[in-house]
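J.: Now that you have both chains on their own, put them together as the hints suggest.
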Amino acid sequence: MSRKDRKRHESPPITDVDRIIHEPSRYLIMAYLYVVESADFLFLLRQTGLTKGNLSSHLGRLEKSGYVDIKKRFSGKIPQTLLKLTREGRTAFEAYRNNMKRALANLPRGEK
Amino acid sequence: MSEQRIDLKKLERKVWTSFYEDGIWDIYLGLLLSAIAVGAFFTDTGLTEKYSIIGHSGVIVLAILVLLLGKRLITVPRMGTVVFGPRGRARLTKTQILLAISCVTGLAAFLLLASTMGNATARQPVMDYIIPIFWTVNMLVLFSLAAYFLNYRRLYIIGFLYAVAVPADKIMRQLLHIDLSVIAFGVPALAILIMGFVVLARFLKKYPKTHEEEQNVEI
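Protein chains in written order, with the working numbering: chain E, 1312 to 1423; chain G, 48 to 266.
Excised from the complex, chain G in its bound form (with noise of 0.2 Å):
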């Protein structure tokens, strides 16, 4: 890029994209999803709830620590740290709150579910029809909205693998009468994995480790 005419708004996206470039955010959230397949893997083995929730809990600890090592020990030592701008910062407080709206109306779908407890009357069409409905467009406008924030497009088919889960699941079950979670959940949560680790094999044959001199030069 020796020309001198540089476009600083597209710099700034490409600066602000090579940041998803390593697909660890895409690993972590397919993990997130497949932590729901886990649990109910673990419920359709005929285990107690206990070690369901074991397995479900164990699987977010891992999308966790995956983010969190994997920035640490893959993505910084072979791509450098960065400190973004305002214009990266805003990006981020929309995405927090979009984040914190998403999480009181989820609390709300939970209320609305729990206020049904012992009414199977009542919690049916609740558990049919309001939570797979408020679950797909949760998700849909989560991703959407976090996709075009952030710029970060492969969210927009992460957001559409997590929106389809609960309905195919729900689907599933009424034609062919069997639970079918963990393939509901769990296929979505594979292709989501699976391109997160093909995003990562690409970053890794891009940006090879670094010495770590090259790290500490004499300028």
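For reference, chain E alone in the conformation it holds in the complex (with noise of 0.2 Å):
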């Protein structure tokens, strides 16, 4: 087996992705999370152009997942919404990107 054979047998296979993340809208999301401390709901929701019954069932999605923490408080009179990635959603954000750059640099070239 060549050595390229055997980097391409090594790569997981596309089908392994994690589909939570790979969904566009809540990988879109994770990115947004990915690169802040913490954001709330309104932030995400200007940022990433999503409507809101979308951005939050995307997020209900996420939690349940284990990959977003979301907080509820009150802003003076207003009540907030926080958001940020759990660790596990971090680790999991940074697999997908990984295995995805993997997996599409070992596929073989389409002929043209």
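To be clear, the hints were calculated from the coordinates, so they are not data collected in a lab.
Keep in mind it's a predicted model, so treat the numbers as computed, not measured.
Heads up, none of these hints are tricks.
For lysine-lysine, the following DSS-like pairs were computed, each having C-alpha atoms within a straight-line distance of at most 27 Å:
{"hint": "1", "chain 1": "G", "residue 1": "K61", "chain 2": "E", "residue 2": "K1363"}
{"hint": "2", "chain 1": "G", "residue 1": "K56", "chain 2": "E", "residue 2": "K1395"}
{"hint": "3", "chain 1": "E", "residue 1": "K1388", "chain 2": "G", "residue 2": "K252"}
{"hint": "4", "chain 1": "G", "residue 1": "K61", "chain 2": "E", "residue 2": "K1395"}
{"hint": "5", "chain 1": "E", "residue 1": "K1382", "chain 2": "G", "residue 2": "K118"}
T.: Next up, the structure:
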């Protein structure tokens, strides 16, 4: 087995990627939360351009998976929903990016 | 942005620069420079130094209020809040160090000027050359490095407008033999303020105020 084939053999199959993160909107949410320490719902709503319902449902899914920590608090009289990636979420996001990079890098070239 | 390839550095920069999208910092810096023009205006009108100091301090207080209340009442209800990660904190630390160095050099310039008190011959070159050169270099270096560290590109223009104020004042005084400090500081300050208000207007259009319930969602 050549070195190239061995490397291809070692890389994870594309079907093994984390499907929770693989969904584009959730990936975007995870990416935004990855580059900051924490943000509130409104900030993420503005930055991602998702609708309120869409963002809310994706965040619910990410919270259920243990990737996002959601806390509610009051800032004066205004309620605020604070969002933060958990350590597990951070690790999963890094692993997803590495897996995708390796899986895509090792795809055979298509015929022209 | 539905593609799966996201450049995290670019994304982090986008999030960071959104912090300056409201123009509040521009307005704050414009008001700070205009405080000097207001002080000069009160002096020109023949009022005592007390009124000049009150006018100058009043504009500085207004600038601080604009910054604090603007962020709280305009930016946060429209754009939400974010706590930046280590990269953002490092940028702020670098800028704070830069500001501290600038303050120390400013103090050195002040002490140099103070040391010439009562000695008109020694004071003249300090007032005519050393202080304007010091001001220009300090403003250009301070604002350029801050713009670079903070990724806040309008600071290059603001730095330039700050830098030209004192030399312009000196040149106009030498050429026209009249005190035009109000114009020398007022025009750059006005330019910064206009820039800030344009950015603010764009921000208000882009981010309309949200309803309270939008900030609290059932997830």
